[in-house]
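Residues per chain, in single letters:
Protein chains: 2
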Amino acid sequence: MLLYHDPRAPNPRRVRIFLAEKGVAYDTIEVSIAASEHQKPEFRKKNPLALLPVLELEDGRVLRESMAICRYLEEVHPEPNLLGVDAWERAQIEQWNRHAELELLLPIAQVFRNTNAFWNGRIKQAPEFGEIMREQVCSRFDWLETELARRPYLAGPRFTVADITAVCAIDFGKVSNLRIKAETHPHLAAWHARVYERPSIKA
Amino acid sequence: MLLYHDPRAPNPRRVRIFLAEKGVAYDTIEVSIAASEHQKPEFRKKNPLALLPVLELEDGRVLRESMAICRYLEEVHPEPNLLGVDAWERAQIEQWNRHAELELLLPIAQVFRNTNAFWNGRIKQAPEFGEIMREQVCSRFDWLETELARRPYLAGPRFTVADITAVCAIDFGKVSNLRIKAETHPHLAAWHARVYERPSIKA
Chain S
1 MLLYHDPRAP
11 NPRRVRIFLA
21 EKGVAYDTIE
31 VSIAASEHQK
41 PEFRKKNPLA
51 LLPVLELEDG
61 RVLRESMAIC
71 RYLEEVHPEP
81 NLLGVDAWER
91 AQIEQWNRHA
101 ELELLLPIAQ
111 VFRNTNAFWN
121 GRIKQAPEFG
131 EIMREQVCSR
141 FDWLETELAR
151 RPYLAGPRFT
161 VADITAVCAI
171 DFGKVSNLRI
181 KAETHPHLAA
191 WHARVYERPS
201 IKA
Chain V
1001 MLLYHDPRAP
1011 NPRRVRIFLA
1021 EKGVAYDTIE
1031 VSIAASEHQK
1041 PEFRKKNPLA
1051 LLPVLELEDG
1061 RVLRESMAIC
1071 RYLEEVHPEP
1081 NLLGVDAWER
1091 AQIEQWNRHA
1101 ELELLLPIAQ
1111 VFRNTNAFWN
1121 GRIKQAPEFG
1131 EIMREQVCSR
1141 FDWLETELAR
1151 RPYLAGPRFT
1161 VADITAVCAI
1171 DFGKVSNLRI
1181 KAETHPHLAA
1191 WHARVYERPS
1201 IKA
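These protein sequence lines map, in sequence, to chains S and V. According to our numbering, the first sequence holds residues 1 to 203 in order. According to our numbering, the second sequence holds residues 1001 to 1203 in order.
Next comes chain S alone, as it looks inside the complex (with noise of 0.2 Å):
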C-alpha cells in the first residue's frame, strides 16, 4: 500500500495513527502542501479534489478519503478493532468519531483556514468567521471536559477512531494557539496524555 500524504496535515495523521494501531505495513509518498504539490496535475490524477490522504492499494485501486481509507482498513485487518464490534459500538463510534470531526477538528482546521498567515494569497480567508470558529472551538472543549469526565475514551471504555481524530483535531489547534490546560480542562488534559502513552501517537 501507498500512502500519498503530509506529515503535518491533521487528516493523514489520522490514517498514520490508524495504520500504525493495525501494525500495517506501507509506503508513503509526501505531498507538500507548503510547496502546492496536492494542486498539480499529477496528484490531481489521484485525487480531482486536491485533498490528502490518498490511500492506493497494490493493484492500482484508490481510496480518496480519510475515513473512507480506515473503513477500508478494519475491514482488511479486524485487529485491534478500532470501529465497533456490533451494530449498537459501531453507531456509537460513528456518533463519537463525528463529533470530534465537526465539532472540533472542522472548525479548529477553519481557524487555521481563516486566520494563519500559512493561506496568505494561497486560499481567500475571512478572519471574521476564524474568530467566531475559535470561541466555538473553546466551547467545545468545555463540552468535551464534561464528556470525558465520565469515561476513559471519547466513544466509551477503550480506545477507538474517535480518539484518533479528536487527538489529530487538539494538536493541530496548537498551530492557531488554541490550546487545552490542565487546570481548566483536567479531564480533557488527561485524556490526551493517555492517548499519548500509545506508541501509534508518533506515526
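Quick caveat, the hints were computed from the structure, so don't treat them as lab data. Being a predicted model, the structure only gives us computed values, none of them experimental. There's no promise every hint is true.
Label-pair restraints from in silico Cβ distances [what the hints assert, rightly or not]:
1. S:Ala190 to V:Pro1048: 13 to 23 Å
2. V:Phe1118 to S:Arg150: 27 to 37 Å
3. V:Lys1181 to S:Glu58: 13 to 23 Å
4. V:Gln1039 to S:Arg151: 20 to 30 Å
5. S:Thr184 to V:Leu1049: 18 to 28 Å
Coverage of chain V stretches by chain S, computed from C-beta distances (three or more under 8 Å per stretch; other residues unrestricted) [to be verified]:
6. 1056-1064
7. 1068-1082
8. 1093-1106
9. 1114-1126
10. 1150-1159
Heads up, the beta-carbon is just placed ideally off N, CA and C, and yes, glycines get one too.
For this one, chain S is given, so just place chain V on it according to the hints.
Relative to the frame of chain S, chain V by itself:
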C-alpha cells in the same frame, strides 16, 4: 422508534429518506429550530450539543448524529442495502458520501448560516465567509457534473446513502439561491431528476 427532527433542516431529511428507503415505521417529534426549541433544556437532555436529528430507540437508547443513525439502521434493517455489500463497495460509498457532505452539504450550510437573515441575531454571522463558500459550492457543482457524466449515481451504478446526502445538500442550496441548471449542468440535473423519481424523496 422516535425521530426528533425539524422538517426544514437537511440532516434530519437525510435520515427520513434513509428510513423511507428501508420501509421502517417510526414516530416523529418536531423540534423547531426557528422557535429555538433545540436550545431548550428538555431537548438538551437528549442532545447536549443541541443538534438534530436524534433517534430514540424503544428501550430509550439515543443516537445523536445523522450518519450514526443511518449506520445503525443499515445493520438492523439490512435491505435495501444503502451502505455497500463488501469492504470495497462500503469504502467507495463512504468516500462519496463524505465528499457529498464535506464538499457540498457543509459549504452550502455555511452559505446559509453566514448570509441568510434567518440567522440574524441568532448566531454570529460572517457574510464574507458565506460568499467564499458560495464560490466553492459553484466550483463543486462543476466537479460533480464531471463525476455524474460517468455514472448514474454518485457512488456507482446504484442509489446509495451518498445520493441521499447529495440531494439533501443541493435542495438545501435553493434557500441561498444556489441552483443547478440543466443548461450548464445537464448530468447533475439528470441525476437530480432520477433521484426525485423515488417515493422516499418526499419523506
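Quick rundown of the hints versus the structure:
1. S:Ala190 to V:Pro1048: 13 to 23 Å: 20 Å Cβ-Cβ, so the 13 to 23 Å window holds.
2. V:Phe1118 to S:Arg150: 27 to 37 Å: 35 Å, holds
3. V:Lys1181 to S:Glu58: 13 to 23 Å: 43 Å, violated
4. V:Gln1039 to S:Arg151: 20 to 30 Å: Between Gln1039 of chain V and Arg151 of chain S, where Cβ atoms are some 26 Å apart, the hint holds.
5. S:Thr184 to V:Leu1049: 18 to 28 Å: About 20 Å separates the Cβ atoms of Thr184 of chain S and Leu1049 of chain V, which means 18 to 28 Å holds.
6. 1056-1064: holds (count 3)
7. 1068-1082: holds (count 6)
8. 1093-1106: Our answer is that it holds, as 6 residues pass the Cβ test (under 8 Å) against chain S, meeting three.
9. 1114-1126: holds (count 3)
10. 1150-1159: violated (count 0)
Violation of the numbered hints given earlier is confined to hints 3 and 10; the remaining hints are satisfied by the structure.
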